[in-house]
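J.: For reference, the chains in residue letters:
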Amino acid sequence: MQEKEKFAPHVEDINRALNGKLSEEQIEEELRTYTERYGVPLGSAKRSIVKKYEGDPQELYVSTEKAIEDIDGDEQGLNLKCRIVSINEKEIEVDDEPKQIWYGILGDETGTIPFTLWEEPSIDLEKGDTVKIENSYANTWNEKPQINIGSKATIKEIESEEVPDFDREPQKLDLKDIRENMRNLDVTARVTSIEKKIVNGKDDEEKELYSGILADESGKAQFSAWHDFEIEQNDVVRIKGGYVRSWRGIPQYSFDDSAEVEFLDDDKFPPSEELDDVSVYTISDLAKRGGAVDAIVDAVMIDIKSGSGLIFRCPECRRVIQKGACRVHGKVDGEPDLRVKGILDDGTGALTVIVNRDLTEEVLGYDLEKAMEAAKDAMNQEVIRDEVEEKLIAQPLRVKGNITSDDYGLMLIADEVDYKSIDVEEEARKMLDEVRV
Amino acid sequence: MSMINREVAWRVFAREFNDSDLMLEGEEERAPSYLVTPLGAKINRIYLVGVLTECENIGTDEEPMWRARVTDPTGTFFVSAGQYQPGVATTLANMEPPLFVAVVGKASTYQPDEETFLTSIRAENIKEVDEEQRDLWILEAARSLKDRLEIGIEASKMDDISVEELVNLGFEEKLAEGFKKASEHYGDLSFEKYERILEDSLRYVLPEYESQSLEDIENEGEVQDERDEELEELIIEIVSDIEEREGLENGVEYERVKNEVMNEGDITQDKFEEVVNDLRSDGRLYEPVLGNLKVIG
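Line order of the protein sequences matches chains A and B.
Residue numbers for the first sequence follow the numbering used here, beginning at 328 and rising by one.
Residue numbers for the second sequence follow the numbering used here, beginning at 211 and rising by one.
Just so you know, these hints were derived from the structure itself, not from any lab.
The beta-carbon is built from N, C-alpha and C at its ideal position, and this holds for glycine as well.
Keep in mind that the hints are not guaranteed to be accurate.
So these bits of chain A aren't anywhere near chain B, every CB distance computed over 10 Å [unchecked claim]: (1) Tyr464; (2) Glu484; (3) Thr679.
In silico DSSO-like pairs for lysine-lysine, Cα to Cα no more than 30 Å straight-line [claimed, not checked]: (4) B:Lys384 / A:Lys499; (5) A:Lys615 / B:Lys504; (6) A:Lys426 / A:Lys567; (7) A:Lys333 / A:Lys503; (8) A:Lys747 / B:Lys504; (9) B:Lys481 / B:Lys504; (10) A:Lys417 / A:Lys378; (11) A:Lys718 / B:Lys504; (12) B:Lys481 / A:Lys615; (13) B:Lys316 / A:Lys632; (14) A:Lys417 / A:Lys503; (15) A:Lys727 / B:Lys391; (16) A:Lys747 / B:Lys316.
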């Protein structure tokens, strides 16, 4: 392509946005300086030039082409070459008037993305068509990017060779392997729980959300359905076209009306009870995944942190108080509580585990009241922590709960804590046999 | 996400730990450093359960510096705790060896000279436990050693160790990278020695071997090379002579012992180090302050 031609539509575009403030030659020179000398991407260069000369970047139309996987959801003047993976018609109401819109999935070799076409297209569009879309825009819906083709946009059919073949089959995946930001997945699982929630979206618009837990033989994951697929607890479903979003590090399988939900025969999938006990994770797996719901960790308690055992909480904010004073509310009448904050390490990684009062009472073998008495007798609340250490340090434990992650690493909120009995002799013999081979 | 995960606590036997002489220092400020073992464990933190055989405060009451020895079936860990680990110091002060203990700490090294590398553990936490936990630890350390051995044996078949290929064979990426790093430093290894250590430590937890002492198993297992008893006695003699002559309470500088011993005859530096390590493992020599050797008893 000739240099001049490459820039021509963009020079024109900037010229329009700047309302003739600069000559075309000046614009081209600026564009070259930004893109060639400083290596600024064309899109940003155009925006910067328009801003520099006090124009409105929103007025820019012609953008550079973008691959689907690079779309963030805040693009204006977006151009792309892609194939129509699916297209459906829908009637909606705008200002009490019925209006026809089209929606579906667009794809290129880098990925797929939902789209909405707000005006009747100038050409007939069908599944499988290869098209060039100009001047669309992207926003996010349920936290994932989608493309809007509005009245300013144009759609042209192009040769199918212009978009390489791509695998538009959703990727089959076990629940244990889902990771943040995956798209277009194919998951088969049993719904072990589901509940309907009303959430407030943008503009305080109320939306229905169906959320719960999916389980397959590899593990479990929370899910969020932004559409009523009439899924019920214990159904076995195959959900194609979902994506993954994380909440506090826990990846969730999310899907909306662009997904395909198929109900499968119940007897072809393990029952809930069997799926319940399978999600044992190594801590290194959890670190890679970012968290997990209803997971089991087998590890050794190697440290009990201060703030374990008998603690006192601020009645206002529930924070653990030190020497009778809350960090926020000052001197307060602390309410006693029991908990364990420890480090579990399985040799592949480490995480912080939080054990609540009920479970701590189980570990100690007595309740909060007795703990208070014991601390009073010893005139030291730390005796309870010592006892927790005695019971838990160096012990192999099986802990079940939800695992979240943040900047400080992984945290497991325990629902169950059990001592894991290990037959050392038998395990040693087994390993010896393997070594001797 | 810029998540800072806590460093994993490796389960590694004393023999492999003490065989290590490659320290990767963190390049940035506060970046963790790692001791790389011959089989490629990249240890920042270590967890061990063994027998506390000695502990002693070589500092003062105000500024304690505790030294402890904790043995496993393969050798001795040298554990230290100073004023920055007040909890550990208090615990050690109340402990009377022998005891089963669980220790969590950071791998630490000291290089008295260019050729010598001494390993120890800066304890973060120490707790009394019982034999059951010790046996369980041996099992975990054995499993961990077995994983590294399998990678090592597979990797040694390759002309050029490829992490990617090892991962494709089903090995953990972290372990494969560790082994590659280790092999660049340690060169060809005797896997047999570590296979022996693995088998011996597994046997150690079986009831039929309970009656045997640590030494029996070590000797029977040929874990140790031929001992140079003459040289051992010579080193002990030299150290105790200097101590006595000069009334040194904190032992004799490592470098000085080495020079004196090497002056005595045809002894290589490697040989000297090996014998000193043996003596340390046997509990005949120890290191009251870093870089000094002292005779026990």
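J.: Look at each hint and say if it fits the structure.
T.: Quick rundown of the hints versus the structure:
Even its closest Cβ contact with chain B, about 28 Å, leaves tyrosine 464 of chain A beyond 10 Å, as expected for a residue assigned away from the interface. The claim that glutamate 484 of chain A is not at the interface with chain B holds, since no C-beta of that chain comes within 10 Å of its own (minimum 42 Å). Annotated as non-interface, threonine 679 of chain A brings its C-beta within 10 Å of a C-beta of chain B; the closest such distance is 8 Å. Taken as a hint, the lysine 384 of chain B and lysine 499 of chain A pair is honoured in the structure, with Cα atoms around 27 Å apart against an allowance of 30 Å.
Between lysine 615 of chain A and lysine 504 of chain B the alpha-carbon distance is near 47 Å, which puts this suggested pair outside the 30 Å criterion. For a cut-off of 30 Å, the pair hint linking lysine 426 of chain A to lysine 567 of chain A stands: about 28 Å separates their Cα positions. Distance check on the hinted pair: lysine 333 of chain A and lysine 503 of chain A sit about 47 Å apart at the alpha-carbon level, beyond 30 Å; violated. Of the supplied pair hints, the one linking lysine 747 of chain A and lysine 504 of chain B is violated, its CA atoms being roughly 43 Å apart against a limit of 30 Å.
At roughly 19 Å between alpha-carbon atoms, lysine 481 of chain B and lysine 504 of chain B fall within 30 Å of each other, so this suggested pair holds. About 39 Å separates the Cα atoms of lysine 417 of chain A and lysine 378 of chain A, which puts this hinted pair outside 30 Å; it is violated. Taking the CA atoms of lysine 718 of chain A and lysine 504 of chain B, the gap is about 38 Å. The hint is violated against a cut of 30 Å. For the given pair, lysine 481 of chain B sits about 45 Å from lysine 615 of chain A by alpha-carbon distance, which is inconsistent with the 30 Å threshold.
Taking the CA atoms of lysine 316 of chain B and lysine 632 of chain A, the gap is near 17 Å; set against the 30 Å cutoff, the hint holds. Restraint check: the Cα-Cα separation between lysine 417 of chain A and lysine 503 of chain A comes to about 36 Å, which exceeds 30 Å; the hinted pair is violated. Taking the CA atoms of lysine 727 of chain A and lysine 391 of chain B, the gap is about 36 Å. The hint is violated against a cut of 30 Å. Proposed proximity of lysine 747 of chain A and lysine 316 of chain B is supported: the alpha carbons are some 27 Å apart, at most 30 Å.
The structure shown violates the earlier hints numbered 3, 5, 7, 8, 10, 11, 12, 14, 15.
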